[in-house]
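The chain contents come next:
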Amino acid sequence: GNSVTQMEGPVTLSEEAFLTINCTYTATGYPSLFWYVQYPGEGLQLLLKATKADDKGSNKGFEATYRKETTSFHLEKGSVQVSDSAVYFCALSEGGGADGLTFGKGTHLIIQP
Amino acid sequence: DVKVTQSSRYLVKRTGEKVFLECVQDMDHENMFWYRQDPGLGLRLIYFSYDVKMKEKGDIPEGYSVSREKKERFSLILESASTNQTSMYLCASSPETGALNQPQHFGDGTRLSIL
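Residue numbers (our numbering), protein chains in the order written: chain X, 111 to 223; chain G, 29 to 143.
Please keep in mind that the hints were generated in silico from the structure rather than gathered at the bench. Among the hints, a few may not be true.
Heads up, simulated BS3-like pairs for lysine-lysine below, C-alpha to C-alpha not over 25 Å straight-line [unchecked claim]:
#1 LYS170/X to LYS31/G
#2 LYS98/G to LYS83/G
#3 LYS85/G to LYS215/X
#4 LYS99/G to LYS85/G
#5 LYS178/X to LYS166/X
#6 LYS162/X to LYS215/X
According to the in silico footprint, chain G covers these stretches of chain X (three or more CB under 8 Å from chain G) [unchecked claim]:
#7 148-156
#8 213-223
Even for Gly, the Cβ is constructed at its ideal location relative to N, Cα and C.
In isolation and in its complexed conformation, chain X is listed as follows (with noise of 0.2 Å):
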């Protein structure tokens, strides 16, 4: 079956520094791939999405780029924020919009000021 894997932590960063979170899949066909974000006390806002390999999906300086040959898609973003202090999540989806997601655990993201 589909399988998501994701660093998991919590990671701690200070301010201005350089974020990467790995996420590879495993799944039987081509997935769609997704970045989640969820705030404190809130539900699971997208963040960014690539649909086919060599994508790159990016949004609010946020960038991440579907990687076939390693089956990653790893979220990346030059200089963080304390705001971007949140939980991202790494899913996948092959069923065409009607199937549910696959999520990875998620990555806990603190940033320090």
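Go by the hints and put chain G onto chain X.
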């Protein structure tokens, strides 16, 4: 913007009670989903529905049922609540495009405690 509304943010129930969690979306989405979120386990799919009166089991359907009588509303039912169902429950919806995957839109969650 898509709005997915879950009826309660916090809920406390007793073991053996029948519990209803309600979810409503306002964007005419065909697909709706229920997940539970637990520390160290991430989100796991309980049930989903791709049309009115249709339902499909997800990865962990045991102890749960669902109801979708109207397109905008998707209810999760705990027939006889147990303490291991204490969790955060998240509802989501997405459109059916028939093509590439569309992102799911999530509600703010219901934190359910079973005593």
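Each hint, compared with the structure:
As the CA atoms of LYS170/X and LYS31/G are separated by approximately 21 Å, the hinted pair is consistent with the 25 Å bound. Taking the CA atoms of LYS98/G and LYS83/G, the gap is about 12 Å. The hint holds against a cut of 25 Å. For the given pair, LYS85/G sits about 21 Å from LYS215/X by alpha-carbon distance, which is consistent with the 25 Å threshold. Under the criterion of a C-alpha separation no larger than 25 Å, the hint pairing LYS99/G with LYS85/G is consistent with the structure, at around 18 Å.
Simply put, LYS178/X and LYS166/X have alpha-carbon atoms about 12 Å apart, close enough for the 25 Å limit, and the pair holds. Only pairs whose Cα atoms come within 25 Å are accepted, and LYS162/X paired with LYS215/X is accepted, the gap being roughly 23 Å. Proximity of the segment 148-156 of chain X to chain G, defined as three or more residues with a beta carbon under 8 Å from a beta carbon of that chain, is established by the 6 residues found. Chain G is given as covering the segment 213-223 of chain X, and this holds because 4 residues of the stretch bring a CB closer than 8 Å to a CB of that chain, at least three being needed.
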